[in-house]
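> For the protein sequence lines, the chains are A and B, in the order given. So the first sequence is numbered by the numbering used here: it starts at 7 and just counts up by one. So the second sequence is numbered by the numbering used here: it starts at -9 and just counts up by one.
No lab work stands behind these hints, which were simulated from the structure alone. Hints should not be assumed to be uniformly reliable.
Unchecked claim - Computed cross-link-like contacts, SDA-like style, restricted to lysine to any residue with a CA-CA straight-line distance of at most 20 Å: (1) K94(B) / L72(B); (2) K54(B) / I74(A); (3) K29(B) / R16(B); (4) K83(B) / I38(A); (5) K34(A) / L18(A); (6) K92(A) / G81(B); (7) K103(B) / R93(A); (8) K83(B) / F32(A); (9) K54(B) / L64(B); (10) K34(A) / G81(B); (11) K34(A) / P18(B); (12) K54(B) / M73(A); (13) K34(A) / K103(B); (14) K86(B) / P36(A); (15) K96(B) / E91(A); (16) K29(B) / L81(A); (17) K83(B) / K94(B); (18) K34(A) / W85(B); (19) K54(B) / K92(A); (20) K34(A) / K83(B); (21) K54(B) / F80(A); (22) K103(B) / Y88(A); (23) K54(B) / I71(A); (24) K54(B) / I38(A); (25) K92(A) / Y78(B); (26) K103(B) / L81(A); (27) K29(B) / K94(B); (28) K92(A) / K29(B); (29) K83(B) / L93(B); (30) K92(A) / R75(B); (31) K92(A) / G74(B); (32) K94(B) / F80(A); (33) K34(A) / V12(B); (34) K29(B) / L75(A).
What the hints assert, rightly or not - Rough simulated footprint, nothing fancy, chain A against chain B, three-plus residues with beta-carbon under 8 Å: (35) 0 to 8; (36) 11 to 20; (37) 34 to 40; (38) 44 to 51; (39) 56 to 65; (40) 84 to 93.
Cβ coordinates follow ideal geometry from the N, Cα and C atoms, glycine included.
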Amino acid sequence: MTLYDFLYYIILPILSISVILIAIRFLKGPSIVDRVIALDLIITTGIGLIATYSIITNQPTFLDIAMILALIAFLGTVAFSYYLEKRNK
Amino acid sequence: MTDIIIGVLASFGAIFVFLAAVGMIRMPDTYLRISVTTKAATLGIGLLLVAAAIFFGDLSITTKVLAIILFILLTAPVSAHLIGRASYFSGVKLWKNSVLDDLKGKYDKTSHKLRSEIEDPSKREPNQIEED
């Protein structure tokens, strides 16, 4: 079993199942805070997917997009929490 | 040899991300879900990115990967603190089996001020002094 097969048939399905599980919490979430956390974790898992995919396709350029996604996840969470605090005043 | 190292690192990373996802489903409380998110996902993503850095073996890519890991390690606690603070203000209840709420009665829900134990006692109301 080569590294390509291992990543393609084991690691990527595990990460995809993780995204599905978090998406269930995103749809169910009792409060809006749960949805914000689930969105944050989905984006963070997306960074892992991009890292794995860049190994599979041998394209290190994809890691730039991972950096942008990390920025967007942080800014999105900060903006959501700011908006929630202002709304509750 | 390099393939084995990359495989082991990617396996542990994927396992940690999967544990974070299971924790998101199974944890009974918003605050416990926040703790699952920050701890497990940060380590999992870090291991996956280190696997990518070892695979390419280039200085520029390694620097890029270290920048991403450092950024995630710096921002994950900050965002978790902010969202936990916002959820406490918005009145999210703790789990019924949680034993300790350190902030109970110390937050002013309208002005978002924190009252501490070592405050000036003359400003307090009398019934709060009796409780202490």
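> Confirm or reject each hint.
Results of checking the hints against the structure:
no.: 1; hint: K94(B) / L72(B); in the structure: holds, 18 Å
no.: 2; hint: K54(B) / I74(A); in the structure: holds, 12 Å
no.: 3; hint: K29(B) / R16(B); in the structure: holds, 16 Å
no.: 4; hint: K83(B) / I38(A); in the structure: holds, 13 Å
no.: 5; hint: K34(A) / L18(A); in the structure: violated, 25 Å
no.: 6; hint: K92(A) / G81(B); in the structure: holds, 14 Å
no.: 7; hint: K103(B) / R93(A); in the structure: holds, 16 Å
no.: 8; hint: K83(B) / F32(A); in the structure: holds, 19 Å
no.: 9; hint: K54(B) / L64(B); in the structure: holds, 15 Å
no.: 10; hint: K34(A) / G81(B); in the structure: holds, 19 Å
no.: 11; hint: K34(A) / P18(B); in the structure: holds, 13 Å
no.: 12; hint: K54(B) / M73(A); in the structure: holds, 8 Å
no.: 13; hint: K34(A) / K103(B); in the structure: violated, 32 Å
no.: 14; hint: K86(B) / P36(A); in the structure: holds, 15 Å
no.: 15; hint: K96(B) / E91(A); in the structure: holds, 17 Å
no.: 16; hint: K29(B) / L81(A); in the structure: holds, 19 Å
no.: 17; hint: K83(B) / K94(B); in the structure: holds, 11 Å
no.: 18; hint: K34(A) / W85(B); in the structure: holds, 17 Å
no.: 19; hint: K54(B) / K92(A); in the structure: violated, 36 Å
no.: 20; hint: K34(A) / K83(B); in the structure: holds, 17 Å
no.: 21; hint: K54(B) / F80(A); in the structure: holds, 18 Å
no.: 22; hint: K103(B) / Y88(A); in the structure: holds, 16 Å
no.: 23; hint: K54(B) / I71(A); in the structure: holds, 11 Å
no.: 24; hint: K54(B) / I38(A); in the structure: violated, 34 Å
no.: 25; hint: K92(A) / Y78(B); in the structure: holds, 13 Å
no.: 26; hint: K103(B) / L81(A); in the structure: violated, 24 Å
no.: 27; hint: K29(B) / K94(B); in the structure: violated, 25 Å
no.: 28; hint: K92(A) / K29(B); in the structure: violated, 27 Å
no.: 29; hint: K83(B) / L93(B); in the structure: holds, 13 Å
no.: 30; hint: K92(A) / R75(B); in the structure: holds, 12 Å
no.: 31; hint: K92(A) / G74(B); in the structure: holds, 14 Å
no.: 32; hint: K94(B) / F80(A); in the structure: violated, 28 Å
no.: 33; hint: K34(A) / V12(B); in the structure: holds, 14 Å
no.: 34; hint: K29(B) / L75(A); in the structure: holds, 19 Å
no.: 35; hint: 0 to 8; in the structure: holds (count 7)
no.: 36; hint: 11 to 20; in the structure: holds (count 5)
no.: 37; hint: 34 to 40; in the structure: holds (count 4)
no.: 38; hint: 44 to 51; in the structure: holds (count 4)
no.: 39; hint: 56 to 65; in the structure: holds (count 5)
no.: 40; hint: 84 to 93; in the structure: violated (count 0)
Figure legend: structure checked against the earlier numbered hints; hints not met, in rising order: 5, 13, 19, 24, 26, 27, 28, 32 and 40.
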